[in-house]
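Those protein sequence lines, which keep their order, are chains L and E.
Under the working numbering, residues 1 to 410 are what the first sequence spells out, in order.
Under the working numbering, residues 1 to 475 are what the second sequence spells out, in order.
Hints are computed from structural coordinates only; laboratory data are not their basis.
One should not assume that every hint holds.
Claimed, not checked - Computed from the model, here is a short list of chain L residues facing chain E with C-beta under 10 Å:
1) H139
2) S140
3) F199
4) T307
5) L323
6) Y326
What the hints assert, rightly or not - Distance condition first, Cα-Cα at most 30 Å in a straight line; then the derived DSS-like pairs of lysine-lysine:
7) E:K434 with L:K294
8) L:K105 with L:K159
9) L:K382 with E:K308
10) L:K382 with E:K355
11) L:K196 with E:K355
12) L:K196 with E:K308
Glycine included, C-beta positions come from ideal geometry on N, C-alpha and C.
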Amino acid sequence: MLLEILLTLAFGAAAYLYFFRKKEETLPIEDRWWGSGQKPDSEEDATVHPFKVETTDEELNDLFRRLDQARFTEPLEDSCFYYGINSVYLRKVVSYWRNQFNWKKQVEVLNKFPHFKTKIDGINVHFLHVKPPHLPEGHSAKPLLMVHGWPGSFYEFYKVISLLTDPASHGLSDEHIFEVICPSIPGYGFSEAPHKQGFDSVCAASVFYKLMLRLGFHEFYAQGGDWGWLICTNLAQIAPNHVKGLHLNLVSVLNMRFTQLLSILLGRYFPGLFGFQEEDVRRMFPFLKKGLYKMLMESGYAHIQATKPDTVGCGLNDSPVGLAAYILEKFSTWTDPEYRKLEDGGLERKYTLDDLLTNVMIYWVSGCMVSAMRFYKENIGKGIGTQKHDKKEESIPAATDGHRRASAPF
Amino acid sequence: MWQQVLQSVRSFEYPQSAIVVSTALGAGGLLTCWLLSRQKIKTLEVGDGWWGSGERPPKEKEDESIRPFRIETSDREIQDLHERLDRARYTPPLEGAAFQYGFNTTYLRRVVAYWRNQFNWQKQVEILNQYPHFKTTIEGIDIHFIHVKPLHVPRGQIVRPLLMVHGWPGSFFEFYKIIPLLTDPAGHGLNEDVVFEVICPSIPGYGFSEAPHQRGFDTLAAARIFHKLMERLGFKEFYVQGGDWGSQITTNMAQMQAKQVKGLHLNLVFISSSGLGRLVSLILGAYVPWLVGLTREDSHRLFPYLEKNVYEILRESGYLHIQATKPDTAGCGLNDSPVALAAYILEKFSTWTDKSFRDLDDGGLERKFSLDDLLTNVMIYWVTSSIVPSMRFYKENFSTNPTTAPHARVGVYVPTGLAVFPQELTYTPCTWAKKKFKNIVAYTYAPRGGHFAAFEEPKLLAEDIKQLVRKVECL
């Protein structure tokens, strides 16, 4: 009798564990065609072509003419960067751009790393692939995918790449050496823009997943900030067995659960109850002032890009000064919101004009601002926190780096 | 008789007499309060301002002359425009996007081709100059306005002054079709019982009015400047009409100096939409509209509330959000690229005229407006470089919480006429409007039309303005 009971219990437990165990959910990969017109029946050309960034005198002359004929509006007295970019400072930037900035030299700087293009799902995807110059005995290079955001580009990684592929030469420990792959999100920089509607972060993640497979990587690390954080996170949700680790320098919670809402209301008074550290309390509260109000002040661009990208991007693709104003304002305020009090927006405290303008030039010469902005509509247009991937849980090792002044990607 | 009353009072038992006395006191108190509140109509403080560059000159008296003004253009200006149009860079739209992502560039190229090859700016300037223009300096900046008087006035007919204020992204030009209907109704087959002389200023920072050099120029400042303008023109009493920002400015004028504003006509109503009462009204109104004072028409236009009033507004208010926070950034490219300026402005003339135009490849623009008219308005922003200052107006007005700003708490007691156009961006039922506008004498549902009422349906609007005058003057 006892034996029967024990057997029944064991069987019951086994059945329960089998049927009700937490299945590891994966996000389905997106397999859509992004080229123009109908998808051809023939198989896609999967070659990886080397690519070099180029420029012409014609391109430069056109830029100079536009810079020379730029029309500025005087700022209000004492407005610094409170109304957006200050045009008195902008004139100085444009003057540097016109007379000292050397795009041909910057193109050589860009070409110091090997570039490639390959066609995936109908569009040409651009990427850098940087291998370590020398590998010590017994070491293997860890593949690392790094994804940029808006209004950045692959160029943002140029300083960090050498520290990852060649740490020894920079006085760092060579315990971990990486080979780095930095793609341009389709619609950004030298990657072709999708021709169809609906290209969101899950689609971008699917394209990058196919890229990594095509390059022969079955396991890799992924790093991302701004849109990069969402794309890498989606990549980990699509292929959790391939993503060894996820590093994010920005995290946004898109789907507010009840406990999180409660934590906003009560977390200031009972931090321990919600798992908040002292640093969390210091940064989050008072919530309205530090959270909501600040977000409203800085999210106008996201609102208009998520609703009318083709309108707002139009001028930025036709006026290089307008483009620079729009992009550089973010490099000022998103580096430190206190910079709004400065007449020059504090831009040159952390960056050189050469670096800032190189990033702007990538948007200008590729004419990609409109398609870059459309990414906001594709991702946010249907509502925040409503997508399937917002609700799925993450189960691979992840590390986030809470920088002091990171703002939300939008 | 009094003795009898006193006797009967005295004869009451203590508790009863106490009740009578306290009731009498209470009633007397209430009566006094009511009488006092009727007399104490709150007004908005007028204040003063200086918008010129640098410090206000201490002793100098402002030059109050009214100088005639003519719009001019030059070959160089037109050539520069043409060069920019010729080298415009476009991004092809996504397949099947129509106007859902903003202005469709396939259609934009056609507009630009017309602009470059057929649109005649010199001819349009002559059209603009058909009415007399003037400038005068108020609070340190030059204020531009047109002043159109009736050509012939029938004997015994009073000519009523009417101030009409435009909004964004419009201009004084929006009123060019309605002005003749108001100053010369007989010549257009309309009843000539009411005739106007029309004054259309440009809001400082827009068109040919100088832009303020100081921070803080909001609708209250504009209202005060327009009051000074009307005073300078010699008007002691006048009517005001406005839509978009014009609605807020004319409302502020009525709140500041009610005695001078004979009647207020609006084709857009701004009221704050918060408060417990509003919430209750919304929750109950979906099921029992009559219980909260909503009509069937109100129900039809308000509900489903989330879709029609929250999502729709979120979809269409990106421009407002960025202009209210970073106007100098948002306007920078638009002041440098005429194609961009046209796309940004004309997108509003499409969507705000009829939301369903978002599904059309050409945005339905030419269904209600001619390209000549649309581009003339765009040119006003282009030749005056006023897009950035026009956007700053949003930041100046939204920098304080609109629901707690002083003018949100002051009622409007001037006789008010509201014209509700079906495709307007937001809808305000009469019961809600009454909380702010205490003296609504007319609330009309127009049969057709959107945000740019004067531009799109001048006849309907003209009729409604005249109706207000008839009600105010009991004609």
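Results of checking the hints against the structure:
1. Nearest Cβ of chain E to the Cβ of L:H139: about 45 Å, over the 10 Å cut. The hint is violated.
2. For L:S140, the interface hint is violated, since its Cβ never comes within 10 Å of a Cβ in chain E; the closest pair sits about 42 Å apart.
3. Evaluation of the L:F199 hint against chain E yields a held restraint, the C-beta minimum of about 9 Å falling below 10 Å.
4. For L:T307, the interface hint holds, since its Cβ comes within 10 Å of a Cβ in chain E; the closest pair sits about 4 Å apart.
5. Here the hint on L:L323 is kept, as its CB sits about 7 Å from the closest CB of chain E, short of 10 Å.
6. Interface restraint check: L:Y326 against chain E, minimum CB-CB distance 6 Å, threshold 10 Å, status holds.
7. For the suggested pair E:K434 and L:K294, the alpha carbons sit about 34 Å apart, so the restraint of at most 30 Å is broken.
8. About 17 Å separates the Cα atoms of L:K105 and L:K159, which keeps this hinted pair within 30 Å; it holds.
9. The straight-line distance between the Cα atoms of L:K382 and E:K308 is roughly 15 Å, inside the 30 Å bound, and the hint therefore holds.
10. For the proposed pair L:K382 and E:K355, the alpha carbon gap of about 18 Å is at most 30 Å, so the pair holds.
11. A hinted pair counts as satisfied when its Cα atoms are at most 30 Å apart, and L:K196 with E:K355 qualifies at roughly 23 Å.
12. Taken as a hint, the L:K196 and E:K308 pair is honoured in the structure, with Cα atoms around 28 Å apart against an allowance of 30 Å.
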